[in-house]
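There are 2 protein chains.
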Amino acid sequence: MSKERLYLFDTTLRDGAQTKGVDFSVEDKRTIALALDQLGLDYIEGGWPGANPTDTSFFENPPRLRRAKLVAFGMTKRAGRSVSNDPGLSQVLGAEADAVCLVGKSWDFHVDLALGIPREENLVSIRESIAAAVERGREAMFDAEHFFDGYRDNPDYALACIEAALEGGARWVVLCDTNGGTLPADVERIVAEVAAKYPGERIGIHAHNDTENAVANSLAAVHAGARQVQGTLNGLGERCGNANMISVIPSLMLKPIYADRFETGIPVTELRHLTQTSRLLDELLNRAPNRHQAYVGDSAFAHKGGLHVSAVQKDPKTYEHIDPEIVGNRRHVLVSDQAGRSNILARLEECGIEVENDDPRVGRLLDAVKQREFEGYSYDGAEASFELMARRTLGQVPEYFRVERFRVMVERRFNARGELVTVSEATVKMLAGGEDRLTVGEGNGPVNALDQALRQALDGLYAELSDLRLVDFKVRILTGGTEAVTRVLIESADGTGERWFTVGVSSNIVEASFDALHDSITYKLYRDGARTAGRIAAE
Amino acid sequence: MSKERLYLFDTTLRDGAQTKGVDFSVEDKRTIALALDQLGLDYIEGGWPGANPTDTSFFENPPRLRRAKLVAFGMTKRAGRSVSNDPGLSQVLGAEADAVCLVGKSWDFHVDLALGIPREENLVSIRESIAAAVERGREAMFDAEHFFDGYRDNPDYALACIEAALEGGARWVVLCDTNGGTLPADVERIVAEVAAKYPGERIGIHAHNDTENAVANSLAAVHAGARQVQGTLNGLGERCGNANMISVIPSLMLKPIYADRFETGIPVTELRHLTQTSRLLDELLNRAPNRHQAYVGDSAFAHKGGLHVSAVQKDPKTYEHIDPEIVGNRRHVLVSDQAGRSNILARLEECGIEVENDDPRVGRLLDAVKQREFEGYSYDGAEASFELMARRTLGQVPEYFRVERFRVMVERRFNARGELVTVSEATVKMLAGGEDRLTVGEGNGPVNALDQALRQALDGLYAELSDLRLVDFKVRILTGGTEAVTRVLIESADGTGERWFTVGVSSNIVEASFDALHDSITYKLYRDGARTAGRIAAE
Chain A
1 MSKERLYLFD TTLRDGAQTK GVDFSVEDKR TIALALDQLG LDYIEGGWPG
51 ANPTDTSFFE NPPRLRRAKL VAFGMTKRAG RSVSNDPGLS QVLGAEADAV
101 CLVGKSWDFH VDLALGIPRE ENLVSIRESI AAAVERGREA MFDAEHFFDG
151 YRDNPDYALA CIEAALEGGA RWVVLCDTNG GTLPADVERI VAEVAAKYPG
201 ERIGIHAHND TENAVANSLA AVHAGARQVQ GTLNGLGERC GNANMISVIP
251 SLMLKPIYAD RFETGIPVTE LRHLTQTSRL LDELLNRAPN RHQAYVGDSA
301 FAHKGGLHVS AVQKDPKTYE HIDPEIVGNR RHVLVSDQAG RSNILARLEE
351 CGIEVENDDP RVGRLLDAVK QREFEGYSYD GAEASFELMA RRTLGQVPEY
401 FRVERFRVMV ERRFNARGEL VTVSEATVKM LAGGEDRLTV GEGNGPVNAL
451 DQALRQALDG LYAELSDLRL VDFKVRILTG GTEAVTRVLI ESADGTGERW
501 FTVGVSSNIV EASFDALHDS ITYKLYRDGA RTAGRIAAE
Chain B
1 MSKERLYLFD TTLRDGAQTK GVDFSVEDKR TIALALDQLG LDYIEGGWPG
51 ANPTDTSFFE NPPRLRRAKL VAFGMTKRAG RSVSNDPGLS QVLGAEADAV
101 CLVGKSWDFH VDLALGIPRE ENLVSIRESI AAAVERGREA MFDAEHFFDG
151 YRDNPDYALA CIEAALEGGA RWVVLCDTNG GTLPADVERI VAEVAAKYPG
201 ERIGIHAHND TENAVANSLA AVHAGARQVQ GTLNGLGERC GNANMISVIP
251 SLMLKPIYAD RFETGIPVTE LRHLTQTSRL LDELLNRAPN RHQAYVGDSA
301 FAHKGGLHVS AVQKDPKTYE HIDPEIVGNR RHVLVSDQAG RSNILARLEE
351 CGIEVENDDP RVGRLLDAVK QREFEGYSYD GAEASFELMA RRTLGQVPEY
401 FRVERFRVMV ERRFNARGEL VTVSEATVKM LAGGEDRLTV GEGNGPVNAL
451 DQALRQALDG LYAELSDLRL VDFKVRILTG GTEAVTRVLI ESADGTGERW
501 FTVGVSSNIV EASFDALHDS ITYKLYRDGA RTAGRIAAE
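Residue numbers (the UniProt record's numbering), protein chains in the order written: chain A, 1 to 539; chain B, 1 to 539.
Just chain A, same shape as in the assembly (with noise of 0.2 Å):
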């Protein structure tokens, strides 16, 4: 028996562009879509042309998806004015997308008291602002704002804003629980009621998480009918957030109730990067991720001693719901040096190091690994400070420079003509070249006068820095309290575009910073192959 198809929709960059705090750049918007694409979505909301200049960048040199469509977001024409005669929604239905996604008013209280115009006047919006985006060519979607409150107060008037998005050519409806009030009970039994009128892949839903519902309401939306379902990374959104893709999309692949019926556009073996996918947004944003997220967090497979350890060891369907390593996910036992053994080897292999399985120095690196992370590293998001870590533990990387001292200092004070300055100087003394090299270097903070300091010790002596650049630089503290320890991510770049992520953690942000540093540079060097320039000690 073929399965129901069913439409997954990511607003990430869109409704969930509009958290507090949340501030993507053109770069994070591109990255992320193409993530979502690789992830196998059906739909990517790119942003609102026009509304911002991030938003209408992307759009005007949009990522180029493999087969996710890209969709433009606005909102329906004004009142009172024609189609054509409304710029923002010009801009909209110009952008180059494959789909227009349009917003409107389905609940008549807001039609009359937020945009104080006759009801049907709202309906000729709807239908002439969706035709309008057929004309040109995109496939279209209504979302339908506030459509359960409006459906509870006045049902008719909430249904012919749907009539009149159809009428239009709207390809999909979608049902948005804008206040996220709406509890699952009343969801599956409004969306069963409209679905009824509008069978088959004509309904989506939008689910804010303000009851903490957003899953519940989008899966009992589907079990009623609904076969679109729009939510974003991690349940990112605006107070609550919206829907949590990362949940929702193995619930829909994994669990009979849905998948004996269903099937997503994801090949189930591609839910392995689903952890991965979640990561890498929390990366952008700069944020730690929630350890207690389902499906992907940290301890989402975690089980403590004893008893239940045992159990699991028997057989892990005691206590885990599903495999982990379906979505990328890890089992952590604490007890166990199996697991590390097993995930060092296939990190070392990721790396393209070989070594054989019982090789005495993967011990080494397992417990230096171990004691590292023990003191706040982490190395997922940075492979190239763990390839050098596992590449010194194999007696692999020469030690192209040593630096025997650093000082940084940063100042604000009147200068002479009383303004406010603030200046930042750094120094370094290291043994390179054979011969001791006292440099110093200014920049606009206490890390780049450091990096220019260092260049202008090595910059001479290894010609494969000279298009090394830092493109990124990110700051986390791991711990509050006292013992804060502060974890430095740097992110560079060279002339061959490769990008690469380095790490320092210390107590010192300066500290840190500086360990980040001195990886990325001995990265460079070792993957370029440069000779050691001369004996690095002078004695």
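None of these hints come from the bench; they were simulated from the model. Since this is a predicted model, take the numbers as computed values, not measurements. It is possible that part of the hints are untrue.
Stated by the list, open to error - Covered by chain B, according to a simulated footprint, are these stretches of chain A (three or more residues, beta-carbon under 8 Å): (1) 106 to 117; (2) 174 to 180; (3) 287 to 300; (4) 324 to 331; (5) 436 to 448; (6) 503 to 511.
All residues carry an ideal CB built from backbone N, CA and C; glycine is no exception.
Following the hints, put chain B in place on chain A, whose structure we already have.
Relative to the frame of chain A, chain B by itself:
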């Protein structure tokens, strides 16, 4: 028509305490139990007497509860022993508690694999253990571990376990989704089938959040006939957590689909304690509250954007699913780069700042916000810095001290013993209390050193600063490339438990940190009504 009664059972102190990193003291447990009792829960599970010294000590001197019943948790007796010959069970039954909740297997697979005993013997253990609790005069409950998995595999055996508990005299049988993988539609179907056999007040639900559906599963179970709901504050619990009582309670009490049919033991007027009860747990765990938590999160009723805000001001129902004050939360109007005049006015009102709508200073403040946001400031997460800037624009903030210059130095070098050490030192020169003050501080990093130097200069002058502490420190790089700007967000707290956020922005991380520190100290002094200590300047 009289409503059906729902019973609320909190297990924060037992199942919540299983969470990695959670380590309640006896005093913490008493504090939480009293708060739960005040809120109006029916049952408070205090722990497992005999399992660890904390729980044993808690039950030796239990808190005096006003109305809730105190519950002791334990396991059904071991196979092959009599009840009186099981010391663990004896200790549970002997504990000073109103009720006893005993967990036992209900999945044949677990009886076979983990216990390795004949299935019939497990039924005997359940029946006799419950009967022993009843004999001791305790209200007895049976936690049917893995009930949903068990029912799917072998419904007859799972039901036989329940039957055994009821034969033993159990007041309640609680269906546990121990591995947390069951979806709401399955929970609803299975609970309905069980409740049809045992109608009335007999069945409870205990859900875990491994698919992000613990709250929905609890609500679905109630819909299907469960009359007791088990959960924890803020969803605390191992792996992905337990059902979050803070979300379950208001959904049951405020949403007509439940509230029209059911009542809990909590008066609606007591719901105003919900937010503070949630924050209390975070405070005891020294965790930052989840800003996005349903109902009680700081962002749960946050509004962004001009049109949106003006609609909420016309009628909050337009964008709020409940009145935030009912659950003790409040509305937040975010200042963002679309900040309009109405946003600013709403924000000022929130800070308790009174200005006339047409006050020309509002326009100046709006210009200042826009300018600073252009520079990279974001006041979304830094309410205290916003309030300070607003009050400064209105001329309300005295200059408590004036930093003339500061210098921060970080040095890594070898010490006299040949060890690599990193030292951080800061000097500050300021005018305060009518005199020049030159101080020096040392710290584990540059910001800590700067904080120390500022404290040295100010602590003797302003007693208000004695209980000020820095709770968290977040760094974000706003733009890539050479013109990167660093935004530092500092979270501070004092002895009253109040927390506030301040922000600093600069291309220099030390300077940004200094500005955020400066705001934090100034905010504390202003809020505590500190008197400026003499003239600022010496001249």
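Hint-by-hint comparison with the structure:
no., hint, result
1, 106 to 117, "holds (count 4)"
2, 174 to 180, "holds (count 3)"
3, 287 to 300, "holds (count 7)"
4, 324 to 331, "violated (count 0)"
5, 436 to 448, "holds (count 4)"
6, 503 to 511, "holds (count 6)"
Violated hint: 4 only; the structure is consistent with all others.
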